[in-house]
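Novice: These are the residues of each chain, in order.
Number of protein chains: 2
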Amino acid sequence: MKNEKDKKETLGKVGEFGFIEKIRTAMKAKNPNVVLGIGDDAAIFKPAKGHELIFTTDMLVEGRHFDFKWISPWQLGAKTMAVNVSDCAAMGAKPTAAVVSLGVPKDYPVANLEAFYDGLKSWGEQYGAQVVGGDTVGSDKFVVNVALVGEVETGRALRRSGAKAGDALFVTGTLGDSAGGLHSLLHPSEKGKETASLLVKRHLTPVPRFNTGRVLSSKKLASSAIDISDGLSSEAHHLCGESGVGAEIHEEALPISPSLAHYCGERGLDPLDFALNGGEDYELLFTVPLPRISEAVQKLPAETGVAVKSIGRMVPKSKGIALITRKGERKPLAAKGFDHFKGQL
Amino acid sequence: MKNEKDKKETLGKVGEFGFIEKIRTAMKAKNPNVVLGIGDDAAIFKPAKGHELIFTTDMLVEGRHFDFKWISPWQLGAKTMAVNVSDCAAMGAKPTAAVVSLGVPKDYPVANLEAFYDGLKSWGEQYGAQVVGGDTVGSDKFVVNVALVGEVETGRALRRSGAKAGDALFVTGTLGDSAGGLHSLLHPSEKGKETASLLVKRHLTPVPRFNTGRVLSSKKLASSAIDISDGLSSEAHHLCGESGVGAEIHEEALPISPSLAHYCGERGLDPLDFALNGGEDYELLFTVPLPRISEAVQKLPAETGVAVKSIGRMVPKSKGIALITRKGERKPLAAKGFDHFKGQL
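Protein chains in written order, with our numbering: chain A, 1 to 345; chain B, 1 to 345.
Derived by calculation from the structure, the hints in this document are not laboratory data.
Each residue gets a CB set at the ideal place from its N, CA and C atoms; glycine is no exception.
Treat the hints with care, as some may be off.
[Claimed, not checked] Partial selection, computed: residues in chain B whose CB lies under 7 Å from chain A:
1. GLY50
2. VAL61
3. VAL99
4. ILE324
5. ARG326
[Stated by the list, open to error] Result set (DSSO-like, lysine-lysine): computed pairs, CA atoms no more than 27 Å apart in a straight line:
6. A:LYS22 / B:LYS164
7. A:LYS141 / B:LYS164
8. A:LYS49 / A:LYS220
[Said to hold, decoys possible] Listed next, the stretches of chain A that the computed footprint assigns to chain B, with coverage defined by at least 3 CB atoms under 8 Å from CB atoms of chain B:
9. 37-43
10. 50-56
11. 60-67
12. 127-137
13. 164-177
14. 247-256
Using the sequences plus the hints, can you model the full thing?
Specialist: Pasting the structure below:
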């Protein structure tokens with residue numbers, strides 16, 4: 001347990017270099033491919049033979065992506081790592097090394113920063129990602145950036161561009177829970193608190209679909225994949241755009257959790273809107289060629305522990321991107337997911 | 001030339017995805033090791049045989065690291081890339097791929113962002129670094145993060161930890177110019193404007209010592225190296241701390257440019273303080289074992305086009321880190337360089 005003196009330590013008091021020393025000890029190297037971790041001008045790591053590297057980054061800004069009223073520093077660390085690992089999973093790759101940049105107010109308590117790094121580290125280690133370096137600077141608002149390198153067997157990365165007309169469209173887990181959780185944080189109510197708290201958990205500590213991504217790439221099951229960070233409708237447009245195809249998505253097939261259905265039912269909300277346009281699901285959206293569908297349906301959940309559901313199929317580009325309603329009507333599906341500068345949600 | 005319509009385009013109007021499309025076209029792939037650039041969940045690149053990878057990151061925050069009163073968006077792009085390449089140079093590595101995260105106000109003009117990316121790209125390409133991905137998010141203040149991966153022949157990376165007592169201590173270029181430039185921006189004056197503008201240029205568009213780093217690593221000339229981002233005194237402490245040695249630095253040997261000497265002379269300032277404690281020089285500080293000194297002195301400037309100067313030597317740790325004054329006095333050298341949370345400068 002921290003004593004009173006420790007609780008009052010701020011970044012302004014220990015300074016950048018004092019803080020780096022603390023983090024360096026806490027982040028000690030474990031990954032055998034990491035040759036040199038925190039403490040030099042750059043980290044050093046070894047690429048694995050027969051592999052290509054993937055490289056991704058995500059930035060989270062206080063007041064835009066998170067609010068410390070709701071999320072703890074530990075959860076924020078875990079989530080920042082999770083969203084990067086989710087990109088890595090969408091490529092079918094294994095994370096290797098991460099660098100972390102933090103913009104932090106001077107009076108920010110060091111104990112909270114240590115909790116942040118602990119969340120980052122715990123979630124990174126689950127997936128093999130080691131924090132090997134970073135940058136810590138002053139900022140009025142808390143801003144964090146993680147850049148992640150991962151590796152994938154040469155030629156096996158899951159791109160957005162490989163879908164063909166005729167492929168089945170799949171999604172992992174359930175859709176819209178995170179947006180439901182955000183809704184409940186923004187509209188606190190006494191109704192169905194327990195249900196809401198399940199949704200909030202999915203919003204604050206998303207779980208990247210790492211195992212699914214790995215099986216999809218290593219067994220060449222998927223022809224394309226993307227992670228759902230901005231909502232299904234937006235991601236379907238990205239996938240179709242990159243692949244040069246259209247899609248038909250069946251409303252009745254969309255996986256909606258009992259929690260979200262219950263939450264929406266109590267409040268007169270439409271769960272479909274959350275499932276189609278809610279952000280931060282971090283589920284995988286992927287396509288499977290017809291001959292492999294039964295394999296995907298039968299083996300994938302057993303191997304990965306994560307449910308998958310076929311929600312539609314890819315069609316020629318000329319047919320556009322459509323939602324097939326429960327009544328069988330065909331409606332164009334607009335990309336209404338979250339855009340950081342247009343902010344539709 | 002941009003027309004009026006283009007000038008009025010803001011990020012809020014084109015949106016995140018509209019902007020990504022613009023950047024994707026502007027950043028088209030050239031590096032043969034980059035398999036897949038901007039536009040997927042992550043970029044893909046091939047590691048070179050017989051090489052290890054280095055990984056570094058730097059964050060720059062508006063109002064802390066830069067002010068748009070002084071720096072143009074193009075220059076900011078160039079500088080953000082330069083400070084990352086400088087870390088890479090301090091490892092003796094070649095840059096390969098960069099990811100760029102931007103936090104940008106909604107009303108920020110798209111034309112300025114394109115200029116920023118153009119600066120980033122131009123400076124990256126000089127050193128072989130290709131922008132392969134990124135993240136663009138909303139933020140009240142402009143904040144930019146670059147993460148850079150580079151490669152270096154296995155086992156040849158220049159660490160901070162290799163210096164031995166007896167090694168000579170070298171520095172590239174001249175010291176304190178960037179801090180002089182910052183001083184002149186903060187204290188505008190009619191005196192010696194031309195001199196000041198040379199210093200300002202070093203502050204706004206620093207040149208990373210890439211060639212020097214490459215020769216030092218590939219020819220095994222240096223036993224350790226670090227780049228000077230927070231001031232010579234601080235970096236000397238880092239190098240000594242990691243290597244477990246002390247150092248003697250000779251005041252009269254410190255390379256001070258005629259511009260800085262003139263600027264300080266006219267204003268009654270001490271150039272020594274700028275040279276020792278000024279930040280953002282992005283020169284390299286490195287150590288050379290005695291048998292290699294003549295080689296370093298004679299060949300390095302000719303091969304790299306950058307001057308190097310021996311400024312002292314490494315001594316046993318027990319002797320501490322000292323400045324030998326012009327009068328021959330031995331004074332402990334305190335680490336007074338820039339600390340983002342203590343902010344001594």
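Novice: To test your reading of the hints: which numbers does this structure violate?
Specialist: 1, 4, 5, 7, 13 and 14
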